[in-house]
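For this one, chain A is given, so just place chain B on it according to the hints.
Protein chains: 2
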Amino acid sequence: MKLHLEDVEVGTEFVSGEVTITERDIIAFAEQFDPQPFHLDPDAARDSFFRGLAASGWHTAAITMRLLVTEGPDIAGGIIGAGGQLSWPTPTRAGDRLHVRTVVQSVRASRTDPGRGSAVLKIETLTSDDEVRQIFEVRILLFSR
Amino acid sequence: MKLHLEDVEVGTEFVSGEVTITERDIIAFAEQFDPQPFHLDPDAARDSFFRGLAASGWHTAAITMRLLVTEGPDIAGGIIGAGGQLSWPTPTRAGDRLHVRTVVQSVRASRTDPGRGSAVLKIETLTSDDEVRQIFEVRILLFSR
Chain A
125 MKLHLEDVEV
135 GTEFVSGEVT
145 ITERDIIAFA
155 EQFDPQPFHL
165 DPDAARDSFF
175 RGLAASGWHT
185 AAITMRLLVT
195 EGPDIAGGII
205 GAGGQLSWPT
215 PTRAGDRLHV
225 RTVVQSVRAS
235 RTDPGRGSAV
245 LKIETLTSDD
255 EVRQIFEVRI
265 LLFSR
Chain B
125 MKLHLEDVEV
135 GTEFVSGEVT
145 ITERDIIAFA
155 EQFDPQPFHL
165 DPDAARDSFF
175 RGLAASGWHT
185 AAITMRLLVT
195 EGPDIAGGII
205 GAGGQLSWPT
215 PTRAGDRLHV
225 RTVVQSVRAS
235 RTDPGRGSAV
245 LKIETLTSDD
255 EVRQIFEVRI
265 LLFSR
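In order, the protein sequences belong to chains A and B. Quick note on this note's numbering: the first sequence kicks off at 125 and runs consecutively. Quick note on this note's numbering: the second sequence kicks off at 125 and runs consecutively.
Same shape as in the complex, but just chain A (with noise of 0.2 Å):
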């Protein structure tokens, strides 16, 4: 059952499964998009602001999406996000063991398009201790039935 505008509700949880983060991942990641020492090398994280390695927030919002996207709601038209508010509270680390915590927000109708709404999801990524590693708030498209 794939979730149209009129089946989005307020307050609505999905929580996905969790995914592992190595420190291959993390460096392999660094090395095609975000190539800084403390995302690339372990020794020279040490020194830096973040104190170790840290995954490249944009890693961090790469694994959100795709736990979201196997994982999270099943949306009819997927998962469009016209953009929002991006925070990175803590730096994601080798070996944390994250999953994606959605709640909506708002649902609204289109007022020009009546086929079509919008959602204000807030998605957060967890660790396994909960804490917080990227806070998303987006607005996505709804597709009505």
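You can take every hint at face value.
Since the list gives no way to pick out one identical chain from another, each pair is judged satisfied if it fits inside one copy or across any two copies.
Here are the simulated EDC-like pairs of lysine to aspartate or glutamate, each with C-alpha atoms no more than 20 Å apart in a straight line:
| id | residue 1 | residue 2 |
| --- | --- | --- |
| 1 | LYS246 | GLU195 |
| 2 | LYS126 | ASP171 |
| 3 | LYS246 | GLU261 |
| 4 | LYS126 | ASP198 |
| 5 | LYS246 | ASP131 |
| 6 | LYS126 | GLU195 |
| 7 | LYS246 | GLU137 |
| 8 | LYS246 | GLU142 |
These are computed hints drawn from the structure, not numbers from a lab.
Then chain B, alone, in the frame of chain A:
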């Protein structure tokens, strides 16, 4: 010359070189992090909201970060963002030649730590026709000399 808190001025602009994104890049990223039909399969994408293959917004974000790190402002201690407002006004397409324009919006010293400060950067990801694919307004950390 690495940029410290004292060097960063409101209105300063940094423009990166260009990078071309291919269909293969888009699909490879999506397979790993955002496996939705409109990011994976040109045929399936044709009937989707995007009316053709579109890159994951997180792919646009990751490419933006690479351009910023390799060709953006050379900030002492690295580019460390706490978070900010992210939006994708238009989808990134195969063949897009992307560059990044960064403008310093504000700078301030830390109230509590004399060795630190921060700046808000407006980071726009643009095609060669200056179509805006992504805007990220982010607060980054700065260190004093």
